[in-house]
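Participant: Listed here are the chains, written in short residue letters.
2 protein chains.
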Amino acid sequence: MQIETPYLMFLGDVPDTLAAKTAYGIADWRPEWCVGQLRLPGCAADLGIPDLTLEEAAAKGCRTMVIGVANAGGVLPPHWVSEVVAALDAGLDIASGLHVRLGSLPEIAEAAERNGRQLHDVRHTTETFDTGKGTRRSGRRLLSVGTDCSVGKKYTVLALERGMRERGLDADFRATGQTGVFISGRGVAIDAVVADFISGAVEWISPAADPDHWDLIEGQGSLYHPSFAGVSLGLLHGAQADAFVVCHEPSRTAMRGVKHPLPSIQQVIDLTIQLGSLTNPGICPVGIAVNTQKLEQDEARTLLQDLTKEHGLPATDPVRFGVDGIIDRLLAEFPAGSAA
Amino acid sequence: MQIETPYLMFLGDVPDTLAAKTAYGIADWRPEWCVGQLRLPGCAADLGIPDLTLEEAAAKGCRTMVIGVANAGGVLPPHWVSEVVAALDAGLDIASGLHVRLGSLPEIAEAAERNGRQLHDVRHTTETFDTGKGTRRSGRRLLSVGTDCSVGKKYTVLALERGMRERGLDADFRATGQTGVFISGRGVAIDAVVADFISGAVEWISPAADPDHWDLIEGQGSLYHPSFAGVSLGLLHGAQADAFVVCHEPSRTAMRGVKHPLPSIQQVIDLTIQLGSLTNPGICPVGIAVNTQKLEQDEARTLLQDLTKEHGLPATDPVRFGVDGIIDRLLAEFPAGSAA
Chain A
1 MQIETPYLMF
11 LGDVPDTLAA
21 KTAYGIADWR
31 PEWCVGQLRL
41 PGCAADLGIP
51 DLTLEEAAAK
61 GCRTMVIGVA
71 NAGGVLPPHW
81 VSEVVAALDA
91 GLDIASGLHV
101 RLGSLPEIAE
111 AAERNGRQLH
121 DVRHTTETFD
131 TGKGTRRSGR
141 RLLSVGTDCS
151 VGKKYTVLAL
161 ERGMRERGLD
171 ADFRATGQTG
181 VFISGRGVAI
191 DAVVADFISG
201 AVEWISPAAD
211 PDHWDLIEGQ
221 GSLYHPSFAG
231 VSLGLLHGAQ
241 ADAFVVCHEP
251 SRTAMRGVKH
261 PLPSIQQVID
271 LTIQLGSLTN
281 PGICPVGIAV
291 NTQKLEQDEA
301 RTLLQDLTKE
311 HGLPATDPVR
321 FGVDGIIDRL
331 LAEFPAGSAA
Chain B
1 MQIETPYLMF
11 LGDVPDTLAA
21 KTAYGIADWR
31 PEWCVGQLRL
41 PGCAADLGIP
51 DLTLEEAAAK
61 GCRTMVIGVA
71 NAGGVLPPHW
81 VSEVVAALDA
91 GLDIASGLHV
101 RLGSLPEIAE
111 AAERNGRQLH
121 DVRHTTETFD
131 TGKGTRRSGR
141 RLLSVGTDCS
151 VGKKYTVLAL
161 ERGMRERGLD
171 ADFRATGQTG
181 VFISGRGVAI
191 DAVVADFISG
201 AVEWISPAAD
211 PDHWDLIEGQ
221 GSLYHPSFAG
231 VSLGLLHGAQ
241 ADAFVVCHEP
251 SRTAMRGVKH
261 PLPSIQQVID
271 LTIQLGSLTN
281 PGICPVGIAV
291 NTQKLEQDEA
301 RTLLQDLTKE
311 HGLPATDPVR
321 FGVDGIIDRL
331 LAEFPAGSAA
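For the protein sequence lines, the chains are A and B, in the order given.
Reminder that position 95 of the first sequence reads as 95 in full-length UniProt numbering, one-by-one numbering, no gaps.
Reminder that position 163 of the second sequence reads as 163 in full-length UniProt numbering, one-by-one numbering, no gaps.
So here's chain A without its partners, still in its complex pose:
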């Protein structure tokens, strides 16, 4: 799945900004791709970019209209369908993060056909994968892992991509979730892949590359989460990670959606090394990324200092304090030119 850029961001008439979370994520990390937004009367979200008509968007070179919003019920309301059809008629592809498949709506399927345009359902995949082979491939890979779901795994690798590129390093974010796919323009929502092909899909997402190239792979779930550990393990094996960063949210008392307690950071480090060694015996941790949003600045600093000391790894909140320490550690562990 390769989504053509730049994007026109469709926000519909969502009742609040939370419903447009995906769109905000894309605008934050790929402002250069977000040429404008299309909002319907009553829309409560605003990306702070120009409001464009479909004709204006096409004239400004937009290639794809991105539906980066959720609506109640997961269905596409009729007044959105007509906008999607109009966008196809204006020459844009459509990429959607909705549960419903765009092509399952006859008017949309017809309009895509009529205009020779692509429909991308980011939550689904039409890509055919091989099963994972576990064969070592060239290039370096970092994976973000977590003590739980939704603890900043995507944010962490995106921050690393930005920071590494600023230092002139060759690094690419590799998406494994739907928002990430919009942000990278490529990838696959790994939780939508058929179980047998999880590690194979990750091998496809992060193919062989130059020896000093870094793929920064978005992690999913947690090896300790009873709902999703299988996905996390397939991802770890497919990634063949050289390095990993543990992401953590210190205010959680139970794992998301279940009653299981959170594992400790040390448990996650140990299990990631133990299981990751199957496809990359050299795997090692290079940092801890903590979401300290619910802590005061001083508390946050103290916690991070304690974690740094306890684990001998740079611990940071990527949002508050950046990821320089993690990049330093990564480069110290894996100096350029050191790849086999």
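Careful: at least some of the hints might be erroneous.
[Unchecked claim] Take a look, some chain B residues computed to stay more than 10 Å from chain A by CB distance:
#	residue
1	Arg114
2	Asn115
3	Glu166
4	Lys294
5	Leu295
[As the list claims (entries may be wrong)] In silico lysine-lysine, DSS-like type, Cα no more than 25 Å apart, as pairs:
#	chain 1	residue 1	chain 2	residue 2
6	B	Lys133	A	Lys259
7	A	Lys294	A	Lys309
8	B	Lys259	A	Lys133
No lab work stands behind these hints, which were simulated from the structure alone.
Values in this document were obtained by computation on a predicted structure and should not be read as measured data.
Glycine residues also receive a C-beta, built at the ideal position from the N, C-alpha and C atoms.
Since the structure of chain A is already known, use the hints to place chain B on it.
Facilitator: Chain B alone, transformed into the frame defined by chain A:
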């Protein structure tokens, strides 16, 4: 997916018995369901049961025609399509283990519709699952795990079902692979489930039951297999196994389809306990099942004695020597009435 029994076994005109492996498995384990077979001219397979026409099969009470054969290319040749349509017209449902979806062939979809009959694609699932919750449920569960793929995990739990039922115990085989689904008439090919729902699907396959009831769950892959470990882990977590049996094939030098070495039986025991504890802290091994097909009788006995001694667990070849020792151990570890 609930497949109505008994079955008419469709063998088509397969060129050898290997192509009918699934059909042989069903006939071996559920002879009482296999009323007859339907073979086309040139068929090289024979289940040793009566050859029936569709009309005879319907008259004898067959409810489903099972396509338990593979054909080159995975497509359904035209002369099979016409037989499937005729079976639907004769009032039978169809259950298929082919890659192609029966309903994707317009003639078959139409005939099913016309006759109000069910089409079951065992390799695909239309069931909607929740994500796994990891909440303990009543009833006992045993899972077969392996040092590799295709080492006898299905055979082992089927042998245990037979043996336990002979002793008057309440035990059900629970299928997680396509042949197994035909044998149980229910279940799901776990490797076809979308990754996010692996453990949830297993929770569905093996629901809450009476405290002394045993579900004997077919394992898949290996926690050490770089292609499929994610599936194996989701299965382990969803199964919440009280007990497990390690299955092994001693002549393998590398894991199936990849270059990775086989783990030792002890490694599999240790990792299964370590990871399985997440959803069942009481998990323990109750036996080792070895496929000794390639060994002489004496060699096999010696190997099994050595393994029994080394691991302190009953080691057997279920085909050659039965599973009595494993059942004895299971009952000793989990006496009836001991469940919480």
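Participant: Please go over all the hints and tell whether each is borne out by the structure.
Facilitator: Consistency of the hints with the structure:
1. Arg114: holds (24 Å)
2. Asn115: holds (26 Å)
3. Glu166: holds (34 Å)
4. Lys294: Nearest chain A Cβ is 25 Å from Lys294 of chain B, so the label holds.
5. Leu295: holds (28 Å)
6. B:Lys133 with A:Lys259: holds (8 Å)
7. A:Lys294 with A:Lys309: Distance of about 22 Å is within 25 Å: holds.
8. B:Lys259 with A:Lys133: Holds, at roughly 8 Å.
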